[in-house]
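**Student:** Next come the chains, spelled out residue by residue.
There are 2 protein chains.
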Amino acid sequence: MELFNKAVIIGTGLIGGSLGLDLKKRRLVREVVGLSRNRKNAGFAKKAGAIDSVGSSLEEVRDADLVVLAMPPEAIIATACKISGKIKKGCVVIDVGSSKEKIVSEAGRSIPFFVGCHPLSGSEKRGVGNLSSGIFNNSICIITPTAKTDKKVLRKVTLLWNKLGSKVVILSPERHDRILAFTSHLPHAVAFSLVRSIPDAFLGLCSGGFKDTTRISASDGNLWSEVFLSNRDKLLLCISAFQNNLSSLKLALQKKDKKTLVKILSSAKRKRDKIR
Amino acid sequence: MELFNKAVIIGTGLIGGSLGLDLKKRRLVREVVGLSRNRKNAGFAKKAGAIDSVGSSLEEVRDADLVVLAMPPEAIIATACKISGKIKKGCVVIDVGSSKEKIVSEAGRSIPFFVGCHPLSGSEKRGVGNLSSGIFNNSICIITPTAKTDKKVLRKVTLLWNKLGSKVVILSPERHDRILAFTSHLPHAVAFSLVRSIPDAFLGLCSGGFKDTTRISASDGNLWSEVFLSNRDKLLLCISAFQNNLSSLKLALQKKDKKTLVKILSSAKRKRDKIR
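In order, the protein sequences belong to chains A and B.
Counted from 1, the first sequence has number 268 at position 268 by the numbering used here; the numbering is strictly sequential.
Counted from 1, the second sequence has number 274 at position 274 by the numbering used here; the numbering is strictly sequential.
Some hints here could point you the wrong way.
It does not matter which identical chain is meant; a pair holds if it fits inside one copy or across any two.
[As the list claims (entries may be wrong)] Below are the EDC-like pairs computed for lysine to aspartate or glutamate, each with C-alpha atoms no more than 20 Å apart in a straight line:
id	residue 1	residue 2
1	K263	D200
2	K234	D200
3	K152	D212
4	K269	D212
Because the hints were derived from the structure by calculation, they are not lab data.
Note that this is a predicted model, so its numbers are computed, not measured.
Construct the entire structure; sequences and hints are all you get.
**Tutor:** As structure tokens, then:
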């Protein structure tokens, strides 16, 4: 069942490219056009079957029913502004960024049918070389409508993600950012700082625990700087909460207070055991 | 090729039990006796084929050629002391603890042929229910001899781990602890603190990144308190180094200094990309 006629995906990296692949595979759109800052990447996405054709400019959005903004936060906001005068009436525009409040507020200002989306299917791997089918299947996609969001458009975007196999969770942009600051942005800040703390000479003796704990620190520095800055205030609160927890552990260790140490570590274990 | 006649494994959990399984499977010892604080666990290890019989007391070590201490650090040190008057001349005693300086110094005092070992094959999963064959294969085992260590015994213990498929790395106990403080103990301290920072209500929206970053926080609290305390001074230095790195990131975020932020995150990515 085709939900849209022509979709334009701007940014044919891991998420944008994989989305194109599944939109076509599941026949949810009739035609997918891909745009990329780097034409070679879009060409690769076409070769991989993720898009039908490589667009030459933002003019491509003029007859689109669906536009997907799949770039870092600042580019999403800048591009939303650029296309707002070009898209036809009724065109649905979604993004797939990792923070929502700033994006939804800025993009929603100029685009009537803008719906913020965040598929939790990202990876430290970036780029069209890593795109793959099925990454949205059995995954969560958070959709962040506002009071202004058209109900029919929200239902259609929800249906789109459902058809891709995602479980949709509806949150306000503010609540999305508060939760993701804890569950995603803080772990990234911690992982980046952790890997920076290890002397280079010791990298050869890293076991599985270290590798898992720091996997997401292989994520792109520019992308994550923008995610951090776009959710700055909430992330700063999370970092402070984490710093307090680490300080408590450090203090117990300094005082050789085994009882408190066991209590701290066991409460963490109990909480982690709840996550499947 | 049998390297030892009778081996006694004290502590038949994940590492002890899995070691028994592979010692028998690869015919490196003629007989494996298992001892556990909890007789039921040792019974389970026997059922799983990890040991030939369940020992009833520490008297079992009297005719052993190899004793493996596979418990948390404090129990390793206490048990080494208890068996030192019982083992026969020439009996090789090894441990598999996650810190080495304190263990090797204490156990080495009373046992002439004590060799500290640390197979990097641990997991957040504990206990005999998780034991499995082959966890030492293609894995690193660090052996930490001292000036007192008998060269022939060191060669035999090295051969034992090689026959289990492990790549042996020889380090002094002090250097082992300095490296592992960074590559293992610090990541554990960070993961425990990270999971404690997340409000319970948000646990349902954790993606793969959060799960990987906190996986090792499901490790046993008592075991890890002892590991932390047994390597306290070095771990405290690592925690301070990490705190400084996180503070730099936080400061750049506070100052909305994107250039510095990109520099910090990109340097972490470059370092992480070196680890395979």
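**Student:** If a hint holds in the structure, say so; if it doesn't, say that too.
**Tutor:** Okay, the hints, checked on the actual structure:
no.	hint	result
1	K263 - D200	between (33 Å within a copy, 17 Å between copies)
2	K234 - D200	between (32 Å within a copy, 17 Å between copies)
3	K152 - D212	neither (42 Å within a copy, 37 Å between copies)
4	K269 - D212	both (17 Å within a copy, 14 Å between copies)
In this structure, only the earlier hint numbered 3 is contradicted, and the remaining ones agree with it.
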